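Colleague: What follows is the residue order along each chain.
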Amino acid sequence: MQRILSRENVIRWAPLLVLVGLIILFTAINPAFFSQRNFARIAIAAAPALMVAIGVTFIIVMGSIDLSMEGTVGLTAVLFCFAFLATGGTLAAGAWVAVPLILVLGAIIGLVNGLVHVKLRIPSFMASLAIGFVGTGAAVLITGGDIVKINDDTFRALLTWRIAGFPLMVYVVAVLALLAWFIQSHTILGRNFYAVGGGEELAHASGLNVRRVRILGFVLAGVFYAVAGILQVAKLGQAESVSGANFMFISITSVVVGGVALWGGIGGIWNTVVGVLIVNVINNGMVVIGLPDYLQDGMLGLLVIVAVVLSTDRRSVSFVK
Amino acid sequence: MYQLKAVDKRFPGVHALKTVDFEISRGEIVGLVGENGAGKSTLMKVIYGAYQPDGGTIAIDGKSVRFQNPRQAMEKGIGMVFQEQSLIPNLTVMENIFLGYEQQFVRLGVINWKAMSDAAKKQLAKVKLDIDPATVTSALSFAQRQLVELAKVLTLEERIDGDLVILLDEPTSVLAEDEVKMLFTIVRDLTKRASFIFVSHRMDEVMELSDRIYVMKDGAVVDVVAHGAATVEQIQHKMVGRSVDREYYREQRQKPYDASMVLLEMDGISLPGRIKDISLKLHAGEVLCLVGTEGAGREAILRTIYGMRTPVSGTLKIKGNRITAFNPRAAVAAGVGYVPRERKVEGIVAGMTVYENMTLSQMGRYARAGVLNVAAEKTLARDWIARLSIKAHSEYADCGNLSGGNQQKVVLSKWRSGGSDIMLLDHPTRGLDIGAKEDVYEMIRDMSDDGIGVILVADTLEEAIGLSHNIIVLKDGVIQQRFECKPGAKPTLYDLLHYMI
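Residue numbers (numbering that gives the first Met the number 0), protein chains in the order written: chain A, 0 to 320; chain B, 0 to 500.
With the rest of the complex left out, here is chain B (with noise of 0.2 Å):
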């Protein structure tokens, strides 16, 4: 019914999907899976109308279309429940479901609610949500909004003749087990009006649910297995299943750590809701990663460290002084680095230069009394642009148009030229081409050389297995498994994942 054949797409420095077949019948639900960057939201986002595709046929009934845009998908039937709720809290439930399509209650320019109402309670009804159409929106449990938004796309159904795909973005990622149970209960039920595509971590539930699970892994279309047809650790081998190359990942440079010389001690930290009773030490010349999926608690981890939350309980040290008030400056002085995952926003502020973004976390070094010397700060910063070089015409030249890899280097070199010797690193290789990841890498074990810890939260398991020294496995914010990461003797993707998910 819906297929897209050989679809092509192409970002600056990235393959993301790789001549890709997917194809849905009428009433199937099929499930979607692949590691964080495998290109599962480049394929929804081709499916429902966000990306136009460089290459290949996106096919309707055998009909051929193009979509400019998600509204024109949706006009074809297909409709998307977004993974960040997509309702606007301060409206009702009912003014949600038809926003933009108030026109057909509309008489002589008035809104005639009590119709908007019934409607709204028609559609609800689909999802079996007996609530009132006029409560405010904000007022409602994640799981209650999760089948709004379900009930808003199907809407569709009246408004449209033919098909209904409806694609579902990690629908139970906020739910508890009860209502995950529920959920799955109507989306069966729904299979009567409509098609899915279920895209989910949580591999058992996509195995429960779907009728045939698309795997996707660099790109690529690997497999497509039937329901029942494999187990979760044959799907997840397929999930990850290449060499990993040992020179990539800079393995020959993997120095054993100093273990006598302690820079952070965690001890029975907890922030509830997040993390619970977390403990690890970070030695000089390590580099620590902490793995697990979305949410399980590494970033959290890092925040704490960084002072951005204060934890409820436990005791956390840098270099043996305990420290008692949480913030970001405290941490900073202390010798913790950061650098976050989201660059544009928490890295480098676009709009300033290199040399004024690589003094911005220690400016107090270059001034007296808040005079700046912004001679020593250009000189530095010249020294940096050499050291790890980054292409930038000058120190003068505007953030903002660098390139990823290159914001990144200006990131780090914001940290050690300040003398940092703790680095927090969330996803430091995120959306880089492989030439700038490279780079990141080598500068992972110079860092190492120079006695930094480093604690690193990795875009792919293999990154993580090929740098670290130690990796602690962490699920639902608690600690689950350590393992020793030592040249030649490194664990696999398989003992990793086993304890992940």
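Bound-form chain A, shown alone (with noise of 0.2 Å):
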């Protein structure tokens, strides 16, 4: 009865051997892969990714899809830029007031996502897809398109400030995604958002607030743009409209690759971190065994398809849209 082999078993472990495979693969080819420093340029690379798929995580398990993220992560983290200047541009001199704002505003724009969603009736792919571009759009109106810098060397520690040979940054995101996993299984939100993609009509029938369950998930999902939004800002030390770019792709991408279900009800937090860690992986595996860039998406683009064919069972699905 107990098979090792069961297709339940290696849809449950294949992200986590797709992961083990593609670091030895990428061993084998240039040992130079496998070495503390490249690990530590991976760990920094996804570090924002993680946090921004981590808040889609919570929407895709629900079964809804957001497609914010970018436009979230680049006001935020413009808006951040502003106001730590503001706030005296150091951290010791008060600018630390910056980031519990940032995470409100963050929330903030999660909430106006659900509510447009759940109170308009209006498809969450759509509704978020529109919230993403005012984002963007705010972001530029703000900045009128320039770059906005930070310097300073206690906020930016986040990066340059190493244990055992990582940045701290990589420090906060474990330390969040850990916080990530608790709401997700001890939590009652947590537990709601996989009632709800598992079965809306049933949740609803069990006396869940399902509408306030779907708005909860848009503000979760918004605190951890946020936080993605700052860590952009720690990367690079500055900020500009277009801080969000790419982060749609990448993190949709890692959440599917790592084994969460589209349609909801299955999946979770360290789906989503091996998914994360595998794309990190191949965008890395690929300038060190010296690829063209340019091959990079096309291959992420296959990967999508392949994760998705081995990771799901697709015939519980009557049919797909």
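Since the hints were derived computationally from the structure, they do not count as laboratory data.
Since the structure is predicted, the reported quantities are computational estimates derived from the model, not experimental observations.
Keep in mind that the hints are not guaranteed to be accurate.
Partial list, computed: chain A residues near chain B (C-beta under 10 Å) [said to hold, decoys possible]: (1) F181; (2) S184; (3) H185; (4) L188; (5) G189; (6) R190; (7) N191; (8) L201; (9) A204; (10) S205; (11) G206; (12) N208; (13) G264.
Ideal Cβ positions, reconstructed from N, Cα and C, are used throughout, including at glycine.
Take the two lone chains and join them into the complex the hints point to.
Modeller: Given below as structure tokens:
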């Protein structure tokens, strides 16, 4: 009865095996890949992307989709810089206030997103795509197309201060991923995401307030996007309206590659963590082995299709729209 | 012409068809009647090719045939007019009629709409429907759509040689009286072109239209009655005639309920088009059965109590408090539990574990400041797995992988562990095998002993009579009659049927 090679187990462990396989593959081609310095590089690249991907994971588990991340990350990054400069320009001078401020802003953007989706009954992909464009537009308006820089060494310590070779931001992200896992598996809200994604009618019939759960999901996602915005500033030392560029493709690719089902109810934070690592290992590995970078996007696109084929039981889905 | 011989069909735990013989001749209208679960729909599915029989033979004009799917059956002239209308509402009438058979109108990859329209007009004329074939289907009335479906099936006439057999599944359920008359005229007229198998709950219509009537019970054909050879009552007798085992429904465990303790009171509740002026009371320890045909308003009553529908008039009191906001959350908070008919859709979340399903409606009780106490949840699940002997390998088992009976137990323990004392059970034994059914009956008696009030919509009339303290018979959304069901003095099936139909 207990078959190790059952389909269920294969699906559960496939993403991790793919990750291990990729690491072995790239190391075999170029041993320089398997070095602490390179892993730190991968981790830094993955850190903001992981925050975005975790945010959207909650939404996808609910069976919805959120495409507002690029606008939200861009706007929060830009406004974080302005708030940081306005409140003193260094953490020591009181600019730390900008952090909670921007997290609240992320929550508000998510709230608007959720309210537009739920109250106006607009499909989530359309509502969030529109809010994302509004966010990017607002960021352009505020910056006037300029770049905003931050030169605070204490704040940049997120990138420059290293513990065991990895910068501080990697540890921050690890803690936040743990927090996300806790929300997912130990809170009512997390359980509700799965109930809504697994059977919305049933969740309703069990007395759950489905609309509220949906809105809260977008709020939570917004907070994680704001964290990504702040980390993006920490990483680059600057922000502009396009700071959020590329996050949509990277995050949704990661979530799907990690084995979270797009129709909801299946997968979770650990799938996303593995998915983000897979995507970043591939990006990094292709550079390390010397592939031209224009091949990378194409490879990633192929990878998504392969991952969906491998990691989901499509027989149980009667039709795919 | 079309003949089934000793056809057998089994599903896990159910013997759905027991050596059924069936035949229909050219131009004949054959009626098919039986209670829910008697095997009518299985028999129909075998006839139009959706199921393959496990034993027996199907023959057309003496030649043995075997259908892998409905399409193959259609090619042999067997067409089906579905009860749930199978027209695609956003396509035009002609597109629906020729859906999947557009090739005949295609020239160089382009559809010749004029030709399709003319061909559709010809089909529509067969059913005497004078509408523009380019009308979008959703703009038609139910009666018109029914006729379009019939026209669609009649396209078989041109496509195949040989005779047509057309199945009509509850074609009159959404029609008004004059529309039914019109449909019958058309069907009689069409017997020149095809034979018909007519399935309906409305006994008088079956008797009026059919040349012969097959009566089914428990997966077998118990009698074949010629037109005019039996009265409605005689046929009903054949449909339900079996001895009711009092032991089976745990009748000896039926105790008088506490008449002083009213849990729920409905007064003059109406929902337009569904129920009208419904008044009833539910007491602690009482099992109240709602009896009626499909669409008689049983489900609407349950859903109103559960807050999924808001009545336009009347009052609902739960434990003396008048309900003003109708939503499931308020109902759950007031102690109402709902076991829906569609277990897979509204009963359990497949993919979630047993313990997650059990606490789904009461997570607030297992959490502090939104953080769940998973250990307490698991303890609860282990406790109920043992109490109801749920067959699951552990509290981590995926509910989607449990058998129907065990899923039902999980749903019941979800509500009972949450302290619900008003239980709404909609077909709680549907699709369960006999052993699992008896478990459910046992649980219903347990609930009565604990002072829980149960409103039950039973799968069969025997079940309703066997389990209940009181029965309310509904027809077309109106209460027809109330029966008291004291052990030993229970009403008979015919008493109920008289008011149902």
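Colleague: Enumerate the violated hints, using their earlier numbering and listing them in ascending order.
Modeller: none
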